[in-house]
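Participant: The whole structure should be built from the sequences, with the hints applied where relevant.
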Amino acid sequence: LIQKGEGNVWDSGTVNSGRSVSVAYRGRSLQPRKVYYWRVKAITDNSEESDWSDIKSFRTGDELKPYQSSSEVLVKSVEHPVLCSTRDDNWFFDFGKASFGQLLVRLTSETGNDTVIVNLGEKVRDGRVDSRPGGTIRYQSYSLALLKGTHLYRIKVHKDKRNTLEVAVKMPAYIGEVVPFRYAEVLHYGNKLDKEDVIRESVHYPFDDSTSFFRCDNDTLNQIWEMSKYTMKATSFTGVYVDGDRERIPYEADILINQLSHYSVDREYSIARKSLEYILKKPTWPTEWILQAILIAWYDYMYTGDARSLEKNYPLLKNRSLMQLKTSKGLISTTTGLQTSAFLQSINFNKPIQDIVDWPGEERDGFVFCDHNAVVNAFYYEALKIMEQIARVLNKQEDRLFYAKAHQEVYKLFNDTFFDPKRKLYTDGDTTSHTSLHANMFAFVFGLVPQQHSQGVQDFIKSRGMACSVYGAQFLMDALYNGGNGAYAEELLASTGERSWYNMIRSGSTVALEAWDIKYKPNLDWNHAWGAVPANTIARYVVGIKPSAPGFESIEIKPHV
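Counted the way my numbering counts, the sequence shown spans residues 4 to 564.
Careful: at least some of the hints might be erroneous.
To be verified - DEER-style ranges, computed between Cβ atoms: (1) Lys162 / Ile560: 40 to 48 Å; (2) Tyr491 / Ile120: 45 to 53 Å; (3) Asn506 / Cys219: 16 to 24 Å.
Unchecked claim - Think about it this way: if two alpha-carbon atoms lie no more than 20 Å apart in a straight line, the pair counts; the simulated EDC-like pairs of lysine to aspartate or glutamate are: (4) Lys44 / Asp211; (5) Lys321 / Glu401; (6) Lys315 / Glu66; (7) Lys7 / Glu52.
Treat the hints as calculated values from the structure; they're not laboratory data.
Since the model is a prediction, treat every value here as computed from it, not as a measurement.
All C-beta atoms in this analysis are idealised placements derived from N, C-alpha and C, irrespective of residue type, glycine included.
Facilitator: And the structure:
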């Protein structure tokens with residue numbers, strides 16, 4: 004039937020709507036544990052029709068509910084090396100890019116008494132897989148006893164103790180354990196090996212490489228785009244956004260950057276929502292990141308137009324606004340005795356949260372912590388603004404008015420508390436005169452800087468350069484573009500200095516790093532999506548594509564020129 008363009012469960016007919024994603028099903032009741040097939044075509048407002056899409060399928064779960072987040076099954080992409088070399092019975096293979104995967108290799112033994120060594124790694128040194136790559140850059144070695152004859156061997160990946168702890172996201176049984184690697188070696192093997200004999204099964208969330216494309220006249224920026232885009236695919240290996248291979252734990256800050264960057268390179272929204280609802284149940288410790296869940300929820304709505312997650316999680320989002328931490332000053336603080344057990348229970352956490360500003364700590368531009376901190380309260384202000392919008396979407400008028408009044412009060416209190424009228428800059432806290440990049444860029448990003456002070460704050464932000472981590476760089480880019488300094492932002496984007504995205508490529512990685520360089524974070528990993536900020540910066544600011552109404556019912560295209 005479906006090949007004929009007919010549906011026996013649901014045929015929507017022609018739907019005149021501006022919504023192009025997250026279109027709700029309105030057919031006959033679906034049954035649990037059943038596979039359904041579908042396809043769709045688009046019709047323009049002047050009656051032009053697209054071809055039918057490819058036929059797709061989905062499987063319903065064991066229990067059907069009015070709302071639950073859905074997700075795709077992880078896939079394995081079969082890949083062969085792009086380069087192969089041999090010397091003294093030692094074989095070296097380069098797959099071109101790193102990925103989380105498993106290795107299969109076809110080997111022959113005449114006697115059944117042979118043993119080979121197989122090495123996998125992310126880094127190369129002197130033409131060999133680097134066995135001491137440093138940080139949490141991965142390397143694994145295996146001794147493989149061969150059977151007589153020719154066989155295809157699947158290398159059993161060693162489990163890492165830390166990233167398989169209870170708090171980590173586990174690999175599903177249908178996939179098995181994986182390790183990130185680009186290079187493979189087979190040592191002490193005297194027979195011939197062709198590229199076709201060596202297979203990497205790369206594990207990732209379904210990803211359409213053809214959905215996005217970017218090219219400009221700056222080859223450095225082109226390379227950074229490709230690295231950042233590929234990072235979205237490579238780091239999706241657990242089916243939820245995690246913080247890299249060292250821990251494999253979802254953190255709100257990682258999810259926020261991962262979400263925006265993934266939205267910018269593929270028309271895929273389910274993994275971001277699954278990640279959001281994961282961390283609403285299992286939050287992490289930084290104050291700002293508790294608040295970031297509200298930003299993530301709002302971006303989910305803006306890109307999908309689907310308010311069901313907002314509605315389901317509204318009570319928890321209200322708690323994540325952290326209004327329970329409001330002191331007599333009208334601002335929030337984590338150090339003034341307000342973190343009661345009832346408060347912690349309300350956000351699903353079991354120990355006191357702490358302000359973080361940036362990470363690692365050396366990337367804070369000398370930020371001075373006080374009882375009331377500017378960065379935390381900038382996020383607080385933004386969260387209250389978004390809660391007003393969420394209440395409006397959900398038609399909760401009393402709450403909408405409440406949050407509108409609350410953020411208006413915080414705007415005044417923030418400026419009264421943190422703005423230094425002599426220097427016309429924002430201080431880090433209520434009891435310090437120190438002014439960091441972070442205090443000023445977060446104030447600017449979230450709209451706390453009055454127009455008459457914008458230029459001075461922007462000048463200060465520019466004067467600090469890249470005085471933040473790869474995480475902080477997300478907000479630095481936002482601040483610069485929103486402040487009319489896109490040209491300077493693009494200088495930073497395409498920089499080839501040590502604190503640059505190009506430095507990640509120069510280091511030898513094809514996936515974003517956790518930090519600018521191993522010297523800034525000695526335990527860094529080479530597979531951290533929060534290091535791929537350029538993916539969303541290029542799409543949202545350089546090319547200038549953003550939804551201006553939920554679900555792209557209307558769209559803003561405003562290239563930076």
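Participant: Now, for every hint given, state plainly whether the structure supports it.
Facilitator: Status of the hints after comparison with the structure:
1. Lys162 / Ile560: 40 to 48 Å: holds, 47 Å
2. Tyr491 / Ile120: 45 to 53 Å: holds, 50 Å
3. Asn506 / Cys219: 16 to 24 Å: holds, 20 Å
4. Lys44 / Asp211: Roughly 18 Å between the alpha carbons, so the hint for Lys44 and Asp211 holds.
5. Lys321 / Glu401: holds, 13 Å
6. Lys315 / Glu66: Distance of about 17 Å is within 20 Å: holds.
7. Lys7 / Glu52: holds, 16 Å
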